[in-house]
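Participant: Here is what each chain is made of, one letter per residue.
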Amino acid sequence: MPYTTTAPQFFSAALPKLLGAAPAASVSGIGVVEFDLGKNGIYWVDFDARSVSRTARPPNCIVRATPADLMAVIEGRMSVGDGLLTKRLALSGEASRLARLAECLALFKTEI
Amino acid sequence: MPVSDPTPVGAPGASAPATADATKPAAPAAAPVAAVKLPNRPAPTTAETDAAQQKVEKDLRAVVERFKTVAGTGMESSGEGDPRVNERRKAVASLLALRLNDQAFIDELAKISPQIDADIKWLVSAEFRDYSIDVRDQFQWVTNGMVQSDAVEREYRDRLMKGLTRSNDVLAGAVPYFDATDGSVVGIRFFARPPLRKAALLDTIWQFRAKPQAKKGADTRVDLIGPPLVAELRNLLGALSPDLNSIEGRAEYALLREIVASHPLSSANTIFQARNAVAVIMKDGDPHAYTSSTTRTAWVHLETPPGATLPPYKAVHHNFSAQTPRNIEALIKAWMYPVGPDAHRVKAFDALTEALTLARNGDLDTAKQVLADLAAAPAGVSISALMATPAVAGTDATALADAIRDFLVGGCVKDLGKNPETNLLMAATLYRAVCTGQPTVDNVGAAIRYAGNAAAEVAAVLVAMAGKDDVALLTEIATAREKLRLEYTKEPAGYRRHELLTVDATLNRLACETLGSVVDRLGALEDDAKLADAFEALYAAVKMAGVMGLDALGAKADGAPLYDLPFAKLYRDMSDAKALNRTVSLDQYRSLMAAAKKAIATVIHDIRDLYDGRAGQVAKNPNVELDPEFLDQLIKQTPLHYATAIAERGMRVGLKETLEPRLLANLDGMRVLNSVGPVVFSTAVFADSTAELRKLKAPRDALSVVYNLQEKKMVATGGLMVDTKDAPGGNSHLNMYAMNNGIPVIALPELRTRYAEFFKNAAAEGGIYVDDGDGQFRMMTVGYAIDKGLIAAADVAKLKPGVNRQIKFLKPSAVDGVWDVLATHDAMVSPQRPTRVVELYEPLADVKGVGGSCTSFAELARLGVAARHLAGEKGTVLALLKAELGDNVPDGSVVTTGRIVKLLADAGLADLWQGIWSNDPVVGVVDDQNFLHSAFYTDPDYREAKRAELQEQTRVRLSRLLVEKAPDGSERLSAAGLALYAELTSNKTLQTSDNWIARSSFTGEDRPGKSGAGQYESFPNLKDPVARVKGVIGVIESAWMPEPVDNNVADQIFLRHIMPAVVMQACLKPEVSGVAVSRGDGGARGQVRIQLKVGFGGGVDGGKVEEGVILASGYGVQIHYPGRTANLVPDDAMQALRDVVLKVERYFDDVVEKGKGHAVDMEVVLENGKWNVVQARVILLDQ
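In order, the protein sequences belong to chains F and P. Numbering-wise (our numbering), the first sequence opens with residue 3 and increments by one. Numbering-wise (our numbering), the second sequence opens with residue 1160 and increments by one.
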């Protein structure tokens, strides 16, 4: 349900489950993604290891967004493309990893 | 290069795509061929230039008449001097300059008043003359209550002697730079050999343009040192007569004109004018207020403006130096007119005070014109509040003067005292006297009088200034500068040469200012008129750059003809194109523009290289802090800076944009900032900033797309793509960095949003192929490039980013300290990329009998850099630094290349290691000529099999040789192992240490241009003899690990020439460790950039670090260590680290890479409060 999950809830509860259930092909090769939510903190998600952490790790990709904008992407209310276009979302990292990450986030949308 | 060469886009015969779709793309093509008509621009007529000269003379006479009875010498002490005397004398000087041989004219002038007569006598004694090095009593004209002529004479003679001593010091090798910190230049004349003289001139310019430093030591009163400073400069100019028919001579002319342009003083009268002007401000009309603090304007001698190092009064009167102009500029920018962007404040203040003077003198129209020009340009200057006042539109000159005065008073942040207008005008006078004012009708007019036989040409400039055609103005400036240079060659007198170069400096500033406005006006060259103007402006800029000798500066003085100099050739080609009915075809237009861009880039690169080549030596002067902005500023003060922008735009005119899913070409608004020819990137990495890029550790062969560029935080990357909005000017620090390192830099508009589909396709199609040569730009997926036959799959690896390399393997020659080339190999990627020489030292069994067994640092240090044959770079540098720095380097020994060869032989590995080169299945015996064709270099499967076998066998057989089973089943050293261990423990430090580290030091790593960092293994925390010997085995075995083997194969390094050495040291227990680089942001010398972490430093790359820069003035932390708010290390310890790092850099320049001026990258460890250097190597990429 849109607008029912907060970003902290997503990272602490929903995401670990989604990662656990995701097919290997969907999460492998993305590596560690740093989700930087500004003053709301940073989460490090290792897609290959399917783990979520608040401990700093060298990232392969970086996602910057407000919690609301990130959840809009996660819940499918805003596409990654629109997020980039409107500068509500910033993605950094190697091209193929970012492409896989975008696909994976789209997959989560259907699961959440 | 096995890359097909497609028809250049836009070239004759290239076909335009009928359609633009992804399935059947075609190369983009030019718009239909058109021609650019270059209109005739008639030069000013003789009548016009004569009239201009007459008006100048009339205006000068008006000044003379206005102040003809003002009494005084203009040199009085205690602030008693009247600036009006200096102003009058300046006018008299200008009138005289052109007619010094006309006695009737002089007599007529002298009759105006006794004061004018005295002025003439003073000028003949002080200004219109040279100063000898062997004649006494040359300063009798000095009549000052505080400083007498004999004191000035003494100062001059002291400076001559110092100059002689300083040049002798350089010639004797006692001092590595020519010392000009006190502004003394006369010593340069004592260098007979042109290369040394050139170096001394470069050193002097660096010092004139150094960062301001607080003055230490004795006062340097301007009335004492000013006259000798001017005298010295004229003496130097008179002594050197560069032959302008030689490259060497043109380069010397270029440097002499830069010396004059950078010199703080232009004439003796100017010294006193500045001195009197600042005193007027301080006294504020109170004749008894000399150095008192009672006037409302006492701040001028008590307070220091932000950005300055001294109060303005002291900077002029007591501490006059090359830094004085910066201090006075700070006065204007920070206090007198802190309005609008920093870069425009001086111009605005200069123009406003000029308009104020004009209006006050009743010249309403000219005053209004000055204001209108200022209001129109440049962007950022806002005088709208003034322009809105009724007085600006009115007809009352006094009312306008009052309005301008009130506007200026409103902008000033200091108390302007009882006489605000006088004090404002005196600040302007001070600025113009010391800093050289902006080019105006007045000072260009005055320049006519000093131009000698070029007076008519300078007058034509003045005529053109009054017109509306900025391109015509450029043409006239170029003509005048050419004539001035000719005049220079005919004038033997130093003071005349000084005057001519001063006129040239004024015209250069006018040229740069005009070119700047032309670039703004031309925009994207939307119409034919703008195309023609761009061509003519570029033509004038190229002519001026050639006249200035800029293309001779970095050229080799090897007898090459002058007509082969880059700008001579370009100017010829442009002239030829113009000569053809004054019509240039669009193809030819683009081609000439592209050639101009390339020639300009090459010259700029060479100039920067030339200056940078001396920076390392000058930085050793303890009294100088080099300005990291200097080289950028230097280029911006030439026409080249603007010519680049014009050429960049011109080379794309009429090219059609292509934006397809697999192909981007000639995009509107794009710029190629640095071109390297065809290149393939494995992938693209996107980052918001360069800091983020560093964090993401972009692969070296990736194209880095950075959305928000911080130009001076550049990182090493394969290629760089930035948004056009962030792209710096054509000659920026970023560009030079990119050019030096073969990094293509491309600026595209709307970078964040426009190319997503392309990059997605590139990720799926093997990467990105870019060809940005010849002014064209095409970027496509690798798959597309292969489909179109532009490259073959086999070319992809060869086209990876990077420089060409000439690899040399060196062996000792018969002469100590000189090496012969044993073998060489050129690893060429593209002729458009820079070529870097990589020197590797052949492994040897011993050097002078040393190195057959494990060798201590002390023994290796005695061999100097020849130890590289035995200990690799790391071992050699540590040994040398141990001898130099003592306690700051942990002691150790090296298992040398010679000792390792013995070990391999004893272990039965020699045949195996050599066999790979003597029995290759493809070429048989592999040698320096055929190694790239061998199976090992061409067959990945064969290579992998051999490599794996060698690694395994090395480990097994060395272990069998050195380690054995004890009766109790534990491991112990064999006899061979004990012998090796005994050699190591003969080093007392190792003998007494309970914890060792074995570190790789291969002969093919850590050399300039051949890093290899992190490829080989090191083994810390070795606690017992078996572990330590196994550490040695582990390092040797790592020779055949996949990464170093594959990297060396890709780098075309013939591995037969590479051998391991192993550095054995006590393992430290760091409190803090990290990396230090001996340069600050933007490559600033004297600063140290650091990354530190708690404990052992291996994880510095992990991102958990404190970052900052250590300056002489203190440590500035930029990023705190995660979880900490305080710095990891106290400030005094950081200063100690800076001292160590800079000492190491100096040592590298003196010994390790002599005279190369390289930055040094160091690994440092803080243990028990003491810094240890555990590795140091040259860093060519300055990040």
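Heads up, some of the hints might be wrong.
[As the list claims (entries may be wrong)] Think about it this way: if two alpha-carbon atoms lie no more than 20 Å apart in a straight line, the pair counts; the simulated EDC-like pairs of lysine to aspartate or glutamate are: (1) F:Lys89 x P:Glu2322; (2) P:Lys1856 x F:Asp84; (3) F:Lys111 x P:Asp1882; (4) P:Lys1919 x F:Asp84; (5) P:Lys2228 x P:Glu2322.
Bear in mind the hints are in silico, worked out from the structure with no lab data behind them.
Participant: Compare the structure with each hint and give your call.
Facilitator: Hints, verified against the model:
Proposed proximity of F:Lys89 and P:Glu2322 is contradicted: the alpha carbons are some 40 Å apart, above 20 Å. Restraint check: the Cα-Cα separation between P:Lys1856 and F:Asp84 comes to about 27 Å, which exceeds 20 Å; the hinted pair is violated. Note on F:Lys111 and P:Asp1882: the hinted pairing is violated, with a Cα-Cα distance of about 32 Å set against a maximum of 20 Å. Restraint check for P:Lys1919 and F:Asp84: satisfied, since their Cα atoms lie roughly 16 Å apart, inside the 20 Å limit.
Distance hint between P:Lys2228 and P:Glu2322 is fulfilled; the C-alpha atoms sit about 14 Å from each other, no more than 20 Å.
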